[in-house]
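Novice: Residue numbers (this note's numbering), protein chains in the order written: chain A, 1 to 299; chain B, 1 to 339.
I should point out that these hints are in silico values taken from the structure, not numbers from a laboratory. Heads up, a few of these hints could be off.
To be verified - Computed cross-link-like contacts, DSSO-like style, restricted to lysine-lysine with a CA-CA straight-line distance of at most 30 Å:
id : chain 1 : residue 1 : chain 2 : residue 2
1  : B       : 140       : A       : 18
2  : B       : 77        : B       : 91
3  : B       : 77        : A       : 18
Stated by the list, open to error - Computed beta-carbon distance windows for the label pairs:
id : chain 1 : residue 1 : chain 2 : residue 2 : range
4  : A       : 40        : B       : 161       : 52 to 62 Å
5  : B       : 164       : A       : 16        : 18 to 28 Å
6  : A       : 156       : B       : 135       : 42 to 52 Å
7  : B       : 279       : A       : 140       : 58 to 68 Å
Glycine included, every Cβ here is placed at the ideal spot set by N, Cα and C.
Listed below are the residues making up each chain.
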Amino acid sequence: MKKAETSPVLLTSKKYVKQSQIRIILHNLRKNTGAMIGLGIILSLIIVSCLSDIIFDYDTEIAGINIADKLIRPCREHIFGTDDLGRDIFKRVLYGAKYSLGVGFAATMIGMFIGVIFGSIAGYYCGLAEDIIMRCNDVLSAVPSILMGIVIVSALGASTFNLMLAIGITSVPQFVRITRAAVLSVRNQEYVEALKATGMSEARIIAFHIIPNCMSPIIVQITLRIASAIIAASSLSFLGLGVPVPAPEWGSMLNLGRQYVRTASYLTIFPGLAILITVLAFNLLGDGLRDALDPKLRK
Amino acid sequence: MEETVKTTNDDIVLELENLRVKFVLETETVEAVNGISISLRRGRTLGLAGETGAGKTTTALSLLRLVPYPGRVECDKLVVEGHDVLKMSQKELEKYRGADLAMIFQDPMTSLNPVFTVGQQIADTIMLHDPTTREDAMKKAEAMLELVGIPAARAVEYPHQFSGGMKQRVVIAIALACNPGVLIADEPTTALDVTIQAQVLALMKKLRDERGMSMIMITHDLGIIADVCDEVAIMYAGRIIEYGTLRDVFNHTRHPYTEGLFNSLPNIRSRREKLKPIPGLMPDPSNLPKGCAFAPRCRYATDACRAERPADRMLSDTHMVACTRYDEPGFRIDRPDRD
Numbered sequence: 001m002k003k004a005e006t007s008p009v010l011l012t013s014k015k016y017v018k019q020s021q022i023r024i025i026l027h028n029l030r031k032n033t034g035a036m037i038g039l040g041i042i043l044s045l046i047i048v049s050c051l052s053d054i055i056f057d058y059d060t061e062i063a064g065i066n067i068a069d070k071l072i073r074p075c076r077e078h079i080f081g082t083d084d085l086g087r088d089i090f091k092r093v094l095y096g097a098k099y100s101l102g103v104g105f106a107a108t109m110i111g112m113f114i115g116v117i118f119g120s121i122a123g124y125y126c127g128l129a130e131d132i133i134m135r136c137n138d139v140l141s142a143v144p145s146i147l148m149g150i151v152i153v154s155a156l157g158a159s160t161f162n163l164m165l166a167i168g169i170t171s172v173p174q175f176v177r178i179t180r181a182a183v184l185s186v187r188n189q190e191y192v193e194a195l196k197a198t199g200m201s202e203a204r205i206i207a208f209h210i211i212p213n214c215m216s217p218i219i220v221q222i223t224l225r226i227a228s229a230i231i232a233a234s235s236l237s238f239l240g241l242g243v244p245v246p247a248p249e250w251g252s253m254l255n256l257g258r259q260y261v262r263t264a265s266y267l268t269i270f271p272g273l274a275i276l277i278t279v280l281a282f283n284l285l286g287d288g289l290r291d292a293l294d295p296k297l298r299k
Numbered sequence: 001m002e003e004t005v006k007t008t009n010d011d012i013v014l015e016l017e018n019l020r021v022k023f024v025l026e027t028e029t030v031e032a033v034n035g036i037s038i039s040l041r042r043g044r045t046l047g048l049a050g051e052t053g054a055g056k057t058t059t060a061l062s063l064l065r066l067v068p069y070p071g072r073v074e075c076d077k078l079v080v081e082g083h084d085v086l087k088m089s090q091k092e093l094e095k096y097r098g099a100d101l102a103m104i105f106q107d108p109m110t111s112l113n114p115v116f117t118v119g120q121q122i123a124d125t126i127m128l129h130d131p132t133t134r135e136d137a138m139k140k141a142e143a144m145l146e147l148v149g150i151p152a153a154r155a156v157e158y159p160h161q162f163s164g165g166m167k168q169r170v171v172i173a174i175a176l177a178c179n180p181g182v183l184i185a186d187e188p189t190t191a192l193d194v195t196i197q198a199q200v201l202a203l204m205k206k207l208r209d210e211r212g213m214s215m216i217m218i219t220h221d222l223g224i225i226a227d228v229c230d231e232v233a234i235m236y237a238g239r240i241i242e243y244g245t246l247r248d249v250f251n252h253t254r255h256p257y258t259e260g261l262f263n264s265l266p267n268i269r270s271r272r273e274k275l276k277p278i279p280g281l282m283p284d285p286s287n288l289p290k291g292c293a294f295a296p297r298c299r300y301a302t303d304a305c306r307a308e309r310p311a312d313r314m315l316s317d318t319h320m321v322a323c324t325r326y327d328e329p330g331f332r333i334d335r336p337d338r339d
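Bound conformation, chain B alone (with noise of 0.2 Å):
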């Protein structure tokens, strides 16, 4: 692939800088992603956690340039494995998908052709980032389900022969097929219930450190995020508001956007206590507040919030939140510190 651009960084394979996507309808514009920097580095998990319609998984389809119409993306930089993604044809792009930076979808019993057998399926990928014959790319399709815990025998069935957990292992196989560097997984076991979510997620832990593999995981269950991942990005709005290490976010947390997600989830050590939701519902994205989009529910807002966007602040080398009240020096949320 042409236009190879040398990172000063070798260990990060995924460099996003400023990525704006917008949806010009002729009513309105919806702002789905207004803003968002993202470095991943080699083996490391990043989890971008926030609500429904926070801009995750527009996020995630930018990342492929496959946001859909009307959508509008713009983007400072986007190099993914060395290779400038924005100067891409679509040729390129098309060896690009799959093969350097592959996604998971939420539902598994809909991300797989009907009509053909898992086997078929799996070796169509293969086929299409290395030209093979089509028995050679049978057997690593066999050899791929193996790998995701389904025995070989199985690649002639079709999809709706298997179940939801299995589907799901099809589609992890797929998705590895062609030994991306980068794994997107766009709430892999949302469809699915606890038992074969905690499966499911052992099994792609054990297949990226056994390959090497950095992910996204894509969730809304902070209790994933915590099992998988290495570093967070709480989004709102179509903005990261908090971004650091896994301890940073959850043991130092700062945002009180991420405090308030933390008070919404039950108590294991107290169960008779009430669950404190955040008040209010997300901001329309089509008409975002000119302030802090958080600033109507949140109960630290000043009028400095409501009056200007906050900007990215590094409280360390790791951690950063966008919270304009941290301008005072001595400013703390509620939340405790915890080790």
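This is chain A alone, in the form it adopts within the complex (with noise of 0.2 Å):
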């Protein structure tokens, strides 16, 4: 009991006030030390995101080439190196950090309205409409994603926004796997059945509803796909197909220090290294979030 009258949730509750979910969430996630960590490395990524294009200037700092400086080793004026243009790694490393971040957050969006879509509609309407879904949705994951988004970026150019959109719809059959089952779940749940006796309209009750009730599985999936989405966007970008150069894009200066992976391999190192720990910090969250939204393990 002791540590009940200390939880700032329990107090609160005593004033009838309405428990806010976000709190609740946060403070079982300020339990796990590892889940943390990843939540401050996400958060000053994203605000190094949007600071970059005040504190750097593009055109000169970023992609102006410099050869008088190229391929310094580091040292305390740069100290990440500087590369074969004479561009500063430590530089580019940090505006990378907006292409990474704003690829991978966008391409799980859209994975995720498209997936959710689908998957509450199969999951809620079995039958026909599933049948087609889920079939269509084992067909689109068959194909590895790397070769799907291979192929939409060669169909559509490689830009920036078709690196999302290929990316965005390879992360869709995951999202309307976890969205079916979890709609699945909840479907035959009495409420659902006592919101019809109210005379409230069935889309309505799966908007409403159905999947704010399937939220959890849907948000941890969210931040375990944005991990996996900056991989593939590093990837498509090392392999020519995406964000286009001269932008700083992680997996592009992989590209670029490949060449002088023998000779400068701090070229391939700190971008490597960036890729690792957003990487890793979106993956640790996840794990996080998946203990704080279950409320099986709450104490």
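Mind assembling these two chains? They're in different frames, but the hints should get you there.
Specialist: What follows is the structure, given as structure tokens:
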């Protein structure tokens, strides 16, 4: 009981204040060190991406060629060194956060939006609709996602938006499957029948009552999918199919540094580390959220 | 709403004739309800009693036209508050549910959405049938909570912060939010303990009388029926086998099955007496006997009972019984009349 008295959640409920779901989740998340580290990294990356255009001048500092300073090893002035065109790698890595996060978020949102709509239709209306959606989903998920990304980008042309679209579409099957499973477990609950008995239309029940009950697996899936979307975006950029050069996308920086791997390995190490840390941060947060959102694991 | 049918008697709020519900599966056909007729007058309460599987809940869902797939509902007439429910479109049905006919479900633990506060859920229902602002709906929701005996300040709490009895009060508040003419209560107290049961029943009776509402109380507890209802219909294997006023059925019991139900109750006056349960089990609804469905368990059954379905017989203006043996003049069951 001692623990309960110190909990802010229980204290507020005595005054009949509406509990904020976000506060409860944060309260649970706070106990998980890994998730908090992940959240910290993600928040700082978001801040860096928002400020990068203010801090750096794209034309001179990020994309500007300065042959005189080429291939300087990491030193006080250029802490990550410079590349073969004399551009500061530290600045480029910081600036590149914008692309990775942007593509990661946008692609996942596209995937989630399409996936949740089809997944909830498949889960709620069993029968023919479910069969059609799930079989199409199987076909879509049978194609390796990188291959799918390459096909879509080469068909539509390499641009940042097409990259988002390609990665978004490849993450649809995951969302369809997870939403359908969650909806299946909710649709037969008595409150759904009770809502029908109050005269609510089915579309409204799905949108406002079933999907909110399925949010926790979807939220976890979002954080984990962002991580894999970042990897996919970097992979496609590495292949030259993503964000066009000279934008400092981490994947295309890896590609540029590839030919200097033996002589100037810092060209590839730092962008690689940036990808690693970002993906790790999202995975840590995703795992933490899964525990925080699971009522069975709540104390 | 269109299709307003003038009923012959303005007093009748719900009229159901010859309802049949079948669940057609690949391997078998389950005959859940086999010809039920109900008419309910304003302000009266009908008790629908019977064993599990007798078709009580299916009957209730048919009234809302919410029988799940693969159920097939056939019905000669269903008129509620002057609206012909059989001719309604999907949109009209959505308007009708909740506004004319509302339903309380059995388990309060699961009939509230866990992710919204109770105030939001009551307000949602109000806004469905009454276009108003969210603030007004929330105010009405708080008033509804007060009405069922919950402090209005608790409207901001989630269902998990309420106890079972409190949740059932919230469910009642939702059902009554749009002032329905008829309320169906499907075993509203089964999941509650006895003291809370008594409170909830008292609350329902009070609200019914205040609002002049009609009620259909589905239960397998004859005590609740005696407490709440004016009329009683005893169901067995999807049919009403005895129907009448509370007095007709409880004091002048005629059907052998009803007699069996009363004999299965413990007698408070002689506690040493053994209970006399009805032997056997309810017939499989996918394979009903040809004659009277109760015949295999009935100690009065004759060959005539087993050969043909009994017709509904009116014993008085109000009292109906479906038993072939009443063809014989002078046939009586053992249970004595009491007054």
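Novice: Take the hints in turn and mark each one as holding or not.
Specialist: Do the hints match the structure? See the list:
1. Among the hinted pairs, residue 140 (chain B) with residue 18 (chain A) is consistent with the structure: their alpha-carbon atoms are about 18 Å apart, no more than 30 Å.
2. Between residue 77 (chain B) and residue 91 (chain B), the direct Cα distance comes to roughly 20 Å. Compliance with the 30 Å bound is thereby established for this hinted pair.
3. For a cut-off of 30 Å, the pair hint linking residue 77 (chain B) to residue 18 (chain A) is broken: about 47 Å separates their Cα positions.
4. Checked against the hint of 52 to 62 Å, the pair residue 40 (chain A) and residue 161 (chain B) fails, with Cβ atoms roughly 32 Å apart.
5. With their beta carbons about 19 Å apart, residue 164 (chain B) and residue 16 (chain A) fall inside the hinted range of 18 to 28 Å.
6. For the hinted restraint 42 to 52 Å between residue 156 (chain A) and residue 135 (chain B), the CB-CB distance of approximately 48 Å keeps it satisfied.
7. The hinted range of 58 to 68 Å is satisfied by residue 279 (chain B) and residue 140 (chain A), whose Cβ atoms lie roughly 59 Å apart.
Hints 3, 4 from the list above are not met by this structure, while the remaining hints are.
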